[in-house]
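Residue numbers (the working numbering), protein chains in the order written: chain G, 1 to 565; chain L, 1001 to 1200.
I should point out that these hints are in silico values taken from the structure, not numbers from a laboratory. For glycine and all other residues, C-beta sits at the position ideal for the given N, C-alpha and C. Among the clues, some could well be false.
[As the list claims (entries may be wrong)] Computed list of lysine to any residue pairs in SDA-like fashion (alpha-carbon distance at most 20 Å, straight line):
{"hint": "1", "chain 1": "L", "residue 1": "1062", "chain 2": "L", "residue 2": "1123"}
{"hint": "2", "chain 1": "L", "residue 1": "1169", "chain 2": "G", "residue 2": "6"}
{"hint": "3", "chain 1": "L", "residue 1": "1169", "chain 2": "G", "residue 2": "45"}
[Claimed, not checked] Selected chain L positions facing chain G (Cβ under 7 Å, derived; list incomplete):
{"hint": "4", "residue": "1035"}
{"hint": "5", "residue": "1036"}
{"hint": "6", "residue": "1053"}
{"hint": "7", "residue": "1147"}
{"hint": "8", "residue": "1163"}
{"hint": "9", "residue": "1177"}
[What the hints assert, rightly or not] Derived CB-CB ranges, DEER-like:
{"hint": "10", "chain 1": "G", "residue 1": "4", "chain 2": "L", "residue 2": "1061", "range": "19 to 27 Å"}
{"hint": "11", "chain 1": "G", "residue 1": "57", "chain 2": "L", "residue 2": "1010", "range": "23 to 31 Å"}
{"hint": "12", "chain 1": "L", "residue 1": "1024", "chain 2": "G", "residue 2": "463", "range": "31 to 39 Å"}
{"hint": "13", "chain 1": "G", "residue 1": "33", "chain 2": "L", "residue 2": "1171", "range": "15 to 23 Å"}
{"hint": "14", "chain 1": "L", "residue 1": "1071", "chain 2": "G", "residue 2": "21", "range": "34 to 42 Å"}
{"hint": "15", "chain 1": "L", "residue 1": "1124", "chain 2": "G", "residue 2": "33", "range": "28 to 36 Å"}
{"hint": "16", "chain 1": "L", "residue 1": "1187", "chain 2": "G", "residue 2": "20", "range": "34 to 42 Å"}
{"hint": "17", "chain 1": "G", "residue 1": "549", "chain 2": "L", "residue 2": "1135", "range": "47 to 55 Å"}
{"hint": "18", "chain 1": "G", "residue 1": "501", "chain 2": "L", "residue 2": "1019", "range": "41 to 49 Å"}
{"hint": "19", "chain 1": "L", "residue 1": "1007", "chain 2": "G", "residue 2": "33", "range": "44 to 52 Å"}
{"hint": "20", "chain 1": "G", "residue 1": "501", "chain 2": "L", "residue 2": "1165", "range": "39 to 47 Å"}
{"hint": "21", "chain 1": "L", "residue 1": "1064", "chain 2": "G", "residue 2": "52", "range": "37 to 45 Å"}
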Amino acid sequence: MKCRDFAGAVERYLDETLSPADGEALRHHAAGCPACAAQIEALACAERALRSVAPHPAPPGMLDAVYARVRPQDRPARRFRWGWPAAALVPAAAAAAFLLLLGRGVSPPVGERSLHARVPALPGVSVPLPETTLSPPPIHSSKTAGKQGPHKTVLKPQPVSPPAPVAPRHPLRPRPRRPASNAEARSAAAAVPEENLSPALLAALQRPVTVVFRQEPLRAVARQLVEAADVPVHVEAPPEARVSLQARDAPLWFALEKMAEQTGAVIEPAGNGVALRVTAPRMAQAPPPVERPLPAQPQVAGQRQMTSVGSQKLSGRSEVWSPRFGSLPEKEFEAKPSPDGDRLILNRSRTPAAPEGASAEESSARKGREPLHDSEFTGSGAGGMSPAPLPDGLRGAAAPAAPSGNVGAAGPPGPRGQAALTPERRELPGAASGEQVPKAFETPRAGEGVRARIGWLVLIRVGPDWFGALQPLRITDGVLRYRLWIKRGDGRLDGAGASVRTAESRSGPQGGSIPLPGTSRRLRWAPGGESEIDLFPTGPVVTAPTELRGVHGLDAAASQWIYCQ
Amino acid sequence: MTVSPDSDLALVQSFLDGNPEAFDRLFLKYQDYVFNICLGILGNPDDARDCAQETFVRIYRKAGEFRGRAAFSTWIYRIAVNVCVGALRKRPRTAVASLEDDHVREAPDGSAPPWHGLQQKDDERLVRQVVTALIPDYRLVLVLRYFQGLSYEEIAQVLGWTLPQVKIKLHRARRSFAARYAACLEGADCAADQAASRSP
């Protein structure tokens, strides 16, 4: 064997396909040729190294993540393989069916007759209505009775009311689920008793309010809502009915719904205002929520358990009346007529909407896989995220006063800043000890400054798929020491994988600069107040201060942070 | 042809018939394979997880397109490889060079790591590091050949290459890996080349 033959033989030797005779020749040649011996030695060493790599188990939670990303309609249908005779019959059958329908008048079967749009389709809500409330189909035929002849048929569709205003989507809030089917959309659209409401009340219920209540009597809360939303709110409730609520630019109906949820009140329209009637106060029975501080640094990295948290939604049902529920997150509603029969009362079910066509078992199984998208509905003591960010100014974890430096317009002190300062945390019923769900935080628009406290995480999002967190550690002589986590993906910063680094940034005349690895973006920063810094996101970079000190279980994409102690 | 109820084809058919448990079983069966393909090609557990998820999302959506001409595993491998190659193309070239700022320097951090990552052996980590530093074609064949144990024919099916192409690529990949691996064992900075080879 010569050296030029050796290279080809080595490949077969490594693949163990070399014949014994050739193998002997290879070894004989290598024994007398140092270059070829070194070559085969290196290749054999590499071969051993490559074969020594053990497979890693897949990380847990992938299946949940997959199901969180697919929709019921993503499920592929079995392919039909039509032969040519069948394919030829399809147009003929369609034409025959069309002629038949015209001849008999357009009317869907009785069993399917329902739910034609008096209001436009609203996403994500399914409102099954009793058969008695169904309106006749809106398409009428002018065909005279007893006369046949499709050529005389004229179809007159009923006018459709204009679309409902759509609340702006929160940048970090998951996209609302689209209706799984046209039937669902139609069913959602058909249940709004608009005729009971005055335009003024409709507008008032959509009016954004910013309020913070902590175990305050329902009556006092109502008075403040009257001032905040300029709408009469009549309360019939015992004095022990108290609510905790935190809403920032949330629609008034949202606040009302939260109040009803906590107190068991029924919300009803009353003239140009609303009335809250508490028949069975629940606040007196429930202990006041205790805010438990999060651990300074969790000791164990808890795996994000969507299933466990997602299945621990609050129990109980409340009668919720809502004139417009299109902007609510996906929920199932059960509609029933009120006792006096003049309006519709919607009972909101806690069960996520099941995929269309899913069996009961599948719905039950899938229930645990549903991501906890509706964080604003999970805490009885918590207000919601606002659908729109605060108009201007500084937002921050500690922004009670006007910021120093060129932060932009001074933010409004008081409740708004306080609302961001103290996000509600509460234990989930039945959750493991220490498991808490911090509320989602308001995220400012790109370009707005935020004030962050030293030691607390600031959520970072760069563009659509880069997520991270910045933790200012200390400022010494104009040098900020920080720790930065950042990754591209679904926003979860738990587990291994995110780029994490500790670095120092010196503040120059224009402030300091914090590069965001992998994104070619950076954050500008300047010293803020005592133990604070001001961050100025630029371009597609948005930030949100938090009261978290660790990234375990942090899900920046869903604005849902789950701590496992 | 008799199809076992637990065969891939039967599971796919069951899933297409509306049984979600069939997809769960397919997932459980192939999650490790898919994750390790992604991990081998990308070299980053987090990216691997992302790509593995994307692979299964595509499987969920496109299961109806599986015609059964090739093995289901081959079909899955091919999807995973395509997802990983797409991820490699999307990776910014500046992914590891963003701290080059006059006013920013990395600081020593003696505190405990923020999370408990995968506990890999040093030599295994070195192998993965070297593989990740290779050009993508070499990565693919090495991962499929050694990490997944596919035959030449299976590699050709997964990658859509001819058999001679596979042999040539594997030949070159072995030598490239051996040279780099030997250099790393002698103390060279193995991570230095990674940034240059991120994009295919």
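Evaluation of the provided hints:
1. L/1062 / L/1123: Given that 20 Å is the threshold and the Cα spacing comes to 38 Å, the pair is violated.
2. L/1169 / G/6: At roughly 18 Å apart (the allowed maximum being 20 Å), residue 6 of chain G and residue 1169 of chain L satisfy the hint.
3. L/1169 / G/45: holds (19 Å)
4. 1035: holds (4 Å)
5. 1036: Holds - the Cβ of residue 1036 of chain L comes within 7 Å of chain G, reaching about 5 Å at its closest.
6. 1053: Holds: closest Cβ of chain G sits about 5 Å from residue 1053 of chain L, inside 7 Å.
7. 1147: Holds - the Cβ of residue 1147 of chain L comes within 7 Å of chain G, reaching about 6 Å at its closest.
8. 1163: violated (13 Å)
9. 1177: holds (5 Å)
10. G/4 / L/1061: 19 to 27 Å: At 51 Å between Cβs, range violated.
11. G/57 / L/1010: 23 to 31 Å: holds (25 Å)
12. L/1024 / G/463: 31 to 39 Å: Hint holds: Cβ distance 33 Å, inside 31 to 39 Å.
13. G/33 / L/1171: 15 to 23 Å: Given range 15 to 23 Å: holds, Cβ gap about 19 Å.
14. L/1071 / G/21: 34 to 42 Å: For residue 21 of chain G against residue 1071 of chain L, whose Cβ atoms are near 35 Å apart, the range 34 to 42 Å holds.
15. L/1124 / G/33: 28 to 36 Å: holds (32 Å)
16. L/1187 / G/20: 34 to 42 Å: holds (39 Å)
17. G/549 / L/1135: 47 to 55 Å: Since residue 549 of chain G and residue 1135 of chain L have Cβ atoms about 42 Å apart, the given range 47 to 55 Å is violated.
18. G/501 / L/1019: 41 to 49 Å: holds (46 Å)
19. L/1007 / G/33: 44 to 52 Å: holds (51 Å)
20. G/501 / L/1165: 39 to 47 Å: holds (40 Å)
21. L/1064 / G/52: 37 to 45 Å: holds (40 Å)
In summary, the numbered hints that this structure violates are 1, 8, 10, 17.
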